[in-house]
Amino acid sequence: MRMHAAGIVLVLGCGLSVLIMAVGMGRSLETTRVHYYAEKHMADLAVSLVRAPDRLATGIEDAPGVSAVETRISGYALLDLPHVLEPVAAHLVSLPRQGRPKVNDLALVSGRWPDASRPQDALVNEAFAKAVGLKPGDTLDAIVHGHRQRLVIAGVANSPEFVFVAAPGEMFPQPERFAVIWMGRDALGEAYDMRGAFNDAVIRLAPGADARKAKVAIDAALRAYGASGTQGRDRMMSDRYLSEELNQLGVLASFIPAFFLIVAAFLVNVSMGRVIATERSNIGLLKAFGYSDLAIAWHYAESALIFGALGLAVGIAAGTGYGRFVAGQYSQFYHFPNLQFSTSLSTLALAAAASFAAAGLGAWSAVNRAARLAPAEALAPPQPANFDHGTRSLHGVTEGLDAKTRIILRRITRFPRRAVTTSIGIGLAMSILIVTQSFPAEMTYMLDVHFGLANRQNVTLTFGETHEVGTLHDIAHLPGVIRAEPFRIDGVAFSKDQRRVQEALIGMSPNATLNRLIGRDLSVISPPADGVLLSRSLARKLVALPGDEITVEQTQGRRIRARVRVAGIVDPMIGSSGYMELGALSRLMREPGRISGAYVHLDPAGYQAFTQRLKGTPSLMGASFVSLAERSMRKNFNEHMGLMTAIYSGFAAIMAGGVAFSAARVTLAEQQRDLATLRVLGFTRLEVSYVLIGEIAILSLLSIPLAIPFGTAMAIWMTHLFSTENFAFPYVFNPTGYAFAIGFTLTCVLAAALIVRASVDHLDMVGVLKARD
Amino acid sequence: MPISFSIKGLTKLYGSGTTAVRALSDVTFDIQAGELIMLVGPSGSGKSTLLNILGGLDHATSGEVTFQGQTLTAMNDRALTAYRRKHVGFIFQFYNLIPSLTARENVDLVREIADNPLSAADALALVGLTGRMDHFPAQLSGGEQQRVAVARAIAKRPAILLCDEPTGALDLTTGVQVLDALSEINRLYKSTTLVVTHNADIARMGSRIVKFADGHIRTIETNASPAKPSELVW
Numbered sequence: 001m002r003m004h005a006a007g008i009v010l011v012l013g014c015g016l017s018v019l020i021m022a023v024g025m026g027r028s029l030e031t032t033r034v035h036y037y038a039e040k041h042m043a044d045l046a047v048s049l050v051r052a053p054d055r056l057a058t059g060i061e062d063a064p065g066v067s068a069v070e071t072r073i074s075g076y077a078l079l080d081l082p083h084v085l086e087p088v089a090a091h092l093v094s095l096p097r098q099g100r101p102k103v104n105d106l107a108l109v110s111g112r113w114p115d116a117s118r119p120q121d122a123l124v125n126e127a128f129a130k131a132v133g134l135k136p137g138d139t140l141d142a143i144v145h146g147h148r149q150r151l152v153i154a155g156v157a158n159s160p161e162f163v164f165v166a167a168p169g170e171m172f173p174q175p176e177r178f179a180v181i182w183m184g185r186d187a188l189g190e191a192y193d194m195r196g197a198f199n200d201a202v203i204r205l206a207p208g209a210d211a212r213k214a215k216v217a218i219d220a221a222l223r224a225y226g227a228s229g230t231q232g233r234d235r236m237m238s239d240r241y242l243s244e245e246l247n248q249l250g251v252l253a254s255f256i257p258a259f260f261l262i263v264a265a266f267l268v269n270v271s272m273g274r275v276i277a278t279e280r281s282n283i284g285l286l287k288a289f290g291y292s293d294l295a296i297a298w299h300y301a302e303s304a305l306i307f308g309a310l311g312l313a314v315g316i317a318a319g320t321g322y323g324r325f326v327a328g329q330y331s332q333f334y335h336f337p338n339l340q341f342s343t344s345l346s347t348l349a350l351a352a353a354a355s356f357a358a359a360g361l362g363a364w365s366a367v368n369r370a371a372r373l374a375p376a377e378a379l380a381p382p383q384p385a386n387f388d389h390g391t392r393s394l395h396g397v398t399e400g401l402d403a404k405t406r407i408i409l410r411r412i413t414r415f416p417r418r419a420v421t422t423s424i425g426i427g428l429a430m431s432i433l434i435v436t437q438s439f440p441a442e443m444t445y446m447l448d449v450h451f452g453l454a455n456r457q458n459v460t461l462t463f464g465e466t467h468e469v470g471t472l473h474d475i476a477h478l479p480g481v482i483r484a485e486p487f488r489i490d491g492v493a494f495s496k497d498q499r500r501v502q503e504a505l506i507g508m509s510p511n512a513t514l515n516r517l518i519g520r521d522l523s524v525i526s527p528p529a530d531g532v533l534l535s536r537s538l539a540r541k542l543v544a545l546p547g548d549e550i551t552v553e554q555t556q557g558r559r560i561r562a563r564v565r566v567a568g569i570v571d572p573m574i575g576s577s578g579y580m581e582l583g584a585l586s587r588l589m590r591e592p593g594r595i596s597g598a599y600v601h602l603d604p605a606g607y608q609a610f611t612q613r614l615k616g617t618p619s620l621m622g623a624s625f626v627s628l629a630e631r632s633m634r635k636n637f638n639e640h641m642g643l644m645t646a647i648y649s650g651f652a653a654i655m656a657g658g659v660a661f662s663a664a665r666v667t668l669a670e671q672q673r674d675l676a677t678l679r680v681l682g683f684t685r686l687e688v689s690y691v692l693i694g695e696i697a698i699l700s701l702l703s704i705p706l707a708i709p710f711g712t713a714m715a716i717w718m719t720h721l722f723s724t725e726n727f728a729f730p731y732v733f734n735p736t737g738y739a740f741a742i743g744f745t746l747t748c749v750l751a752a753a754l755i756v757r758a759s760v761d762h763l764d765m766v767g768v769l770k771a772r773d
Numbered sequence: 001m002p003i004s005f006s007i008k009g010l011t012k013l014y015g016s017g018t019t020a021v022r023a024l025s026d027v028t029f030d031i032q033a034g035e036l037i038m039l040v041g042p043s044g045s046g047k048s049t050l051l052n053i054l055g056g057l058d059h060a061t062s063g064e065v066t067f068q069g070q071t072l073t074a075m076n077d078r079a080l081t082a083y084r085r086k087h088v089g090f091i092f093q094f095y096n097l098i099p100s101l102t103a104r105e106n107v108d109l110v111r112e113i114a115d116n117p118l119s120a121a122d123a124l125a126l127v128g129l130t131g132r133m134d135h136f137p138a139q140l141s142g143g144e145q146q147r148v149a150v151a152r153a154i155a156k157r158p159a160i161l162l163c164d165e166p167t168g169a170l171d172l173t174t175g176v177q178v179l180d181a182l183s184e185i186n187r188l189y190k191s192t193t194l195v196v197t198h199n200a201d202i203a204r205m206g207s208r209i210v211k212f213a214d215g216h217i218r219t220i221e222t223n224a225s226p227a228k229p230s231e232l233v234w
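Protein chains in written order, with my numbering: chain A, 1 to 773; chain B, 1 to 234.
The set of hints was computed from the structure by calculation and includes no laboratory data. Be aware that a few hints might be false.
[Unchecked claim] Derived DEER-like restraints, expressed as beta-carbon distance ranges:
| hint | chain 1 | residue 1 | chain 2 | residue 2 | range |
| --- | --- | --- | --- | --- | --- |
| 1 | A | A288 | B | Y14 | 29 to 39 Å |
| 2 | A | A309 | B | N199 | 53 to 63 Å |
| 3 | B | D134 | A | E377 | 44 to 54 Å |
| 4 | A | N368 | B | T11 | 46 to 56 Å |
| 5 | B | R218 | A | N368 | 54 to 64 Å |
| 6 | A | R685 | B | Y14 | 21 to 31 Å |
| 7 | A | L285 | B | P42 | 27 to 37 Å |
| 8 | B | R218 | A | A309 | 54 to 64 Å |
| 9 | B | H59 | A | L305 | 39 to 49 Å |
| 10 | B | S230 | A | N368 | 46 to 56 Å |
| 11 | B | H59 | A | L686 | 18 to 28 Å |
| 12 | A | L686 | B | S62 | 29 to 39 Å |
| 13 | A | L305 | B | T11 | 48 to 58 Å |
| 14 | B | D134 | A | H762 | 26 to 36 Å |
[Unchecked claim] Straight-line distance between alpha carbons at most 20 Å, and here's what the computed SDA-like set of lysine to any residue pairs gives:
| hint | chain 1 | residue 1 | chain 2 | residue 2 |
| --- | --- | --- | --- | --- |
| 15 | B | K86 | A | L686 |
| 16 | A | K404 | B | A114 |
| 17 | A | K404 | B | H135 |
| 18 | B | K228 | B | E184 |
| 19 | A | K135 | A | H91 |
| 20 | A | K404 | B | D108 |
| 21 | B | K86 | A | V766 |
| 22 | A | K404 | B | I113 |
| 23 | A | K130 | A | S110 |
| 24 | A | K404 | B | E112 |
| 25 | A | K404 | A | L686 |
| 26 | A | K404 | B | A82 |
| 27 | B | K86 | A | T684 |
| 28 | A | K404 | B | E184 |
| 29 | A | K496 | A | A567 |
| 30 | A | K404 | A | G694 |
Just so you know, even glycine gets a beta-carbon here, dropped at the ideal spot from N, CA and C.
Start from the sequences, fold in the hints, and give me the full structure.
And the structure:
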């Protein structure tokens, strides 16, 4: 009974730990975000533009609902780090001439605020500083707008604007490959030729202000200055990632715990049912002595409450540990000044309610049965089970089998509800493993496709402004370059009817061999000579179908507006852009022959010379090294997924082991007399163990056909739940994962069954001669 | 008649020290093959303990039991299992049928581990249950269940038949049917049969009557004219 109780408490504890972790982490993340945003005046709106005079700031301030505006100069640069071959991309943001930013203030981690009189003073984001080992007082060479500058690190900081930091176009953060640098307004004005002007504004709204009205007014004020359209937080990369993470935690909080709580309720039901069956005569005696039904019910309900309380205690302890661990993981991706896992009273109350509800529901029928048992009935020995019921249908099946196997099959068919629930319990554990195993397979597949089929270039070079296609010729002649293919990318607003979505419109070279658009079926998709291909998520937002006409409008530069036909809808796994043929896009934007960058294939022998040349190339905004990104992503992914897989495998082991142990214990309790009789009759321990374990073995095998479709459906469902705008997780059939899920679950079941089997060695053969059934 | 069991100085203690209970004390006697021996005495007198040791279910504290030249008291668990499997048929007070098997299947259960068993139909016919072969225990009366247990015990043609209060849970009529079956089997197959009973009248069936008290054998009576079961009353 102690082992049985431990099983129940552990299963409850697993479910509650995930619940407490996910709900607690979600709330911790949300609370930290709210406080951080409030403390540092996180922008509600942001707009980037080509160039506007400083006086325009008042035009923004006058917009309805605006409480604070910070105009800035923002741009990209390449950093030349000593001992690092490849140039590193950086996002440069200006600081106000005086005082701290009114919007998107920074949290200084170390060092000092830059001195306005020292143009070389800069702050760097903490993640980058840590990743490359920079500290205040160090220097940093940057190629800003074509000019090499030596910056002095005045301090290290974090910003609510860059809680999640990833280079533009990158899927995943690479702290050592992308920096955010804050510098004085005049220094950046000088560097970008923006004296007396700004190209970026962040805006904070008054409480209760109508963001839509503010956006309209700001857009109107800045329209003539190449503004790209004012965006809310939902379009700010960092906040968007945080919101997606919170959504995923919500999914986790509701999904995994439910499984464990259902199984725990089932285990409580089995355990209490068994206890009450064993204590029938005691119940009868107590009732005969005058104990009320309620007193009896309460006596047994107390056991359920103890299960609930112990499960809660385990859940709180494990959930808190798990939460702290996850908070540690998050702090690698989300850069808050102080992200700590904490459990609120309401989280604990939710966990307590879930725990007692599961234990109570599980105990309900058994407690009810105890309360209703008439004293006379309880004092009489229970009626032996009549195996004529429900087992005759097996007649043909059992005919050729030995008697031991018949015992096993008859028990299964005689108690079908118990058999089904046992199989479902084991099947659920198997399903959790199928899901746990499928996720890494899906990620690996996505990475394989992304890096193996779609992004076959070694480097992506992005220009600050569009260049003549002839630049490609220059790139092709850089040392080490084997092949260079052009691309164009325009930030546009897609609109259809009243719907408007800002996304990238990518112009792809026909017959591209390096960077290609790959569909879900792994086919290479070539954009047609005219018309636009929309990613499914973009088409869904626009409610656009092939053949529809939509409007695209540049959000930067000349704000060219044009109508274009939807040529098709595609399913790339990564990205939610629109795609056109390169020539068609540049014609549409009235810039024929102009490109935004190039994909480059390198000869490894020329790699070093190539990177050296890049560091001196003024017109580059970014250089993304695909192999570095791939290595970083795979490393990150392996570390995190390995741990998560281990945790959930442990949980599944507890679930499978708990269910199997419970089922085997019940079989042993109910069959103890029969098994001892078999031993007396001369059956060996092995033969008797077969009768005991055979039932759970068959139920485990039956759980496989339940778990495979259910686990697969869950895995597919999870891919939908975890898919975001930019990532469409594919379901990938991973036979190894299925084999592991089945093998691991069966091993756990076997281990639990073997623990119970040890009782066969101690069956009371003498007692059974005298014992009444 | 050859000797089936030879019992010498058999002693069984339960517990140790001051709390030790002497269940059997220096019991010595021989049992001939084919005998029908009745072990009688009040509760706790040691008769069931002797039956358990002879059945290979319990170990003696001291003394020796040999069966067909093999020393039972020196056997380990595996050898005792093999001994029960090959030589011993058991009949329990509360029948101990497997509830999930029909009467026929309960008999088949033992046939599967026997070398030269009777058919289930023959074994059940011997106890008069031909018409109830496909019934589950829950569908049989107490007497019928005990007769199935007898059929199960004899199906493997055991050398030894050990019966612990076989009629203890039965009324007179059904008890007589069961004893009839036992008597008939003892006659037909010459199985050495030991019956534990606290009923002095039933003991009249035996060829010898061993009386126990306080773990000792008080008397061993030879019964020159064993009673027929139908003559017994209790």
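Hints, one by one, checked against the model:
1. Look at A288 of chain A against Y14 of chain B: about 33 Å separates their beta carbons, and that is inside 29 to 39 Å.
2. Separation of A309 of chain A from N199 of chain B is about 54 Å and conforms to the stated range, judged on CB atoms against 53 to 63 Å.
3. Restraint check, D134 of chain B to E377 of chain A: a C-beta distance of roughly 30 Å breaks the suggested window 44 to 54 Å.
4. A beta carbon spacing of about 53 Å between N368 of chain A and T11 of chain B agrees with the range 46 to 56 Å that was offered as a hint.
5. A beta carbon spacing of about 55 Å between R218 of chain B and N368 of chain A agrees with the range 54 to 64 Å that was offered as a hint.
6. A hinted range of 21 to 31 Å for the beta carbons of R685 of chain A and Y14 of chain B is consistent with their spacing of about 24 Å.
7. For L285 of chain A and P42 of chain B, the hinted distance range of 27 to 37 Å is satisfied, since their beta carbons lie about 28 Å from each other.
8. A C-beta distance of roughly 59 Å is found between R218 of chain B and A309 of chain A, which places it inside the suggested range of 54 to 64 Å.
9. Separation of H59 of chain B from L305 of chain A is about 45 Å and conforms to the stated range, judged on CB atoms against 39 to 49 Å.
10. Roughly 52 Å separates the CB atoms of S230 of chain B and N368 of chain A, a value that falls within the hinted 46 to 56 Å.
11. Between H59 of chain B and L686 of chain A the beta carbons are some 21 Å apart, a value that agrees with the proposed interval 18 to 28 Å.
12. A beta carbon spacing of about 31 Å between L686 of chain A and S62 of chain B agrees with the range 29 to 39 Å that was offered as a hint.
13. A C-beta distance of roughly 52 Å is found between L305 of chain A and T11 of chain B, which places it inside the suggested range of 48 to 58 Å.
14. Distance hint for D134 of chain B and H762 of chain A: a CB-CB separation of about 35 Å, consistent with the stated range 26 to 36 Å.
15. Between K86 of chain B and L686 of chain A the CA atoms are separated by roughly 17 Å; this keeps the pair inside 20 Å, and the hint holds.
16. Under the criterion of a C-alpha separation no larger than 20 Å, the hint pairing K404 of chain A with A114 of chain B is consistent with the structure, at around 15 Å.
17. Proximity of K404 of chain A to H135 of chain B is assessed by CA-CA distance (about 18 Å); at most 20 Å being required, the pair is judged to hold.
18. Our distance criterion of 20 Å between C-alpha atoms is met by K228 of chain B and E184 of chain B, whose separation comes to about 10 Å.
19. Between K135 of chain A and H91 of chain A the alpha-carbon distance is near 18 Å, which keeps this suggested pair within the 20 Å criterion.
20. Under the criterion of a C-alpha separation no larger than 20 Å, the hint pairing K404 of chain A with D108 of chain B is consistent with the structure, at around 10 Å.
21. A distance of roughly 19 Å separates the Cα atoms of K86 of chain B and V766 of chain A; the hinted pair therefore holds under the 20 Å criterion.
22. Between K404 of chain A and I113 of chain B the CA atoms are separated by roughly 11 Å; this keeps the pair inside 20 Å, and the hint holds.
23. Straight-line distance between C-alpha atoms of K130 of chain A and S110 of chain A comes to about 12 Å, which keeps the hinted pair within the 20 Å bound.
24. At most 20 Å may separate the alpha-carbon atoms for a hinted pair to count; K404 of chain A and E112 of chain B meet this at roughly 10 Å.
25. Between K404 of chain A and L686 of chain A the CA atoms are separated by roughly 12 Å; this keeps the pair inside 20 Å, and the hint holds.
26. Distance hint between K404 of chain A and A82 of chain B is fulfilled; the C-alpha atoms sit about 18 Å from each other, no more than 20 Å.
27. Distance check on the hinted pair: K86 of chain B and T684 of chain A sit about 12 Å apart at the alpha-carbon level, within 20 Å; holds.
28. With a CA separation close to 30 Å, the supplied pair K404 of chain A and E184 of chain B exceeds the 20 Å bound.
29. Pair hint K496 of chain A plus A567 of chain A holds up; C-alpha atoms about 15 Å apart against a cutoff of 20 Å.
30. Restraint check for K404 of chain A and G694 of chain A: the C-alpha separation of about 9 Å stays at or below 20 Å, so the hint holds.
Of the numbered hints given earlier, the model fails hints 3 and 28; all others are met.
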